[in-house]
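**Student:** Sequence:
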Amino acid sequence: MKASIPNLKRIVEAAGGTLEEDHGSLDTRTFQAVAPDGKRWRCQGTILLCILWAKRGSLESSRNFNLDAFRDTQQRLAHGLEPIPADEAEQYATD
1 MKASIPNLKR IVEAAGGTLE EDHGSLDTRT FQAVAPDGKR WRCQGTILLC
51 ILWAKRGSLE SSRNFNLDAF RDTQQRLAHG LEPIPADEAE QYATD
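FYI, in the numbering used here the residues of the sequence shown are 1 to 95.
Do not rely on the hints blindly, as some may be mistaken.
In silico DSS-like cross-links for lysine-lysine, where the CA-CA straight-line distance does not exceed 27 Å [as the list claims (entries may be wrong)]: (1) K39 - K9; (2) K55 - K2; (3) K9 - K55.
Simulated restraints, written as ranges between beta carbons of each label pair [unchecked claim]: (4) M1 - E60: 15 to 21 Å; (5) V34 - E60: 26 to 32 Å; (6) H79 - D37: 15 to 21 Å; (7) S58 - M1: 17 to 23 Å; (8) L67 - T18: 21 to 27 Å.
To be clear, the hints were calculated from the coordinates, so they are not data collected in a lab. Backbone N, C-alpha and C define an ideal beta-carbon position, used for all residues, glycine too.
Could you put together the complete structure from these sequences and hints?
**Tutor:** Set out below in C-alpha cells:
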C-alpha cells in the first residue's frame with residue numbers, strides 16, 4: 001500500500017480509530033490516530049497516536065520519511081484497541 005494520507009486514513013479507520021490533523025511546522029504535518037470513546041491503543045496505552053508526516057512529498061528524503069511513518073503506524077495499529085480500565089477512565093473523561 002502506498003504511503004499517502006488517504007491510505008493513512010484508511011488504515012487508522014480499519015483499526016477502529018479516526019485520523020485527525022493536529023498541527024504542523026514548516027516541513028511536517030502532525031496527525032493523530034484517535035481511539036474511539038472508552039478505548040485506547042494497546043501499543044502505548046493512550047487514546048492518541050502521534051504521526052509526523054513530511055510536507056514535501058516529492059523529495060526522496062520526504063518520501064522515505066513518510067514511508068517509515070506509514071510502516072510505523074501500521075505496526076502500532078496492529079496491536080489493536082483495548083478498553084480503558086474503569087479505574088483510569090477519569091483520566092480520559094471528555095466534556
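**Student:** Next, verify each hint and record whether it holds.
**Tutor:** Here is how each hint holds up against the structure:
{"no.": "1", "hint": "K39 - K9", "in the structure": "18 Å, holds"}
{"no.": "2", "hint": "K55 - K2", "in the structure": "16 Å, holds"}
{"no.": "3", "hint": "K9 - K55", "in the structure": "16 Å, holds"}
{"no.": "4", "hint": "M1 - E60: 15 to 21 Å", "in the structure": "19 Å, holds"}
{"no.": "5", "hint": "V34 - E60: 26 to 32 Å", "in the structure": "31 Å, holds"}
{"no.": "6", "hint": "H79 - D37: 15 to 21 Å", "in the structure": "19 Å, holds"}
{"no.": "7", "hint": "S58 - M1: 17 to 23 Å", "in the structure": "19 Å, holds"}
{"no.": "8", "hint": "L67 - T18: 21 to 27 Å", "in the structure": "23 Å, holds"}
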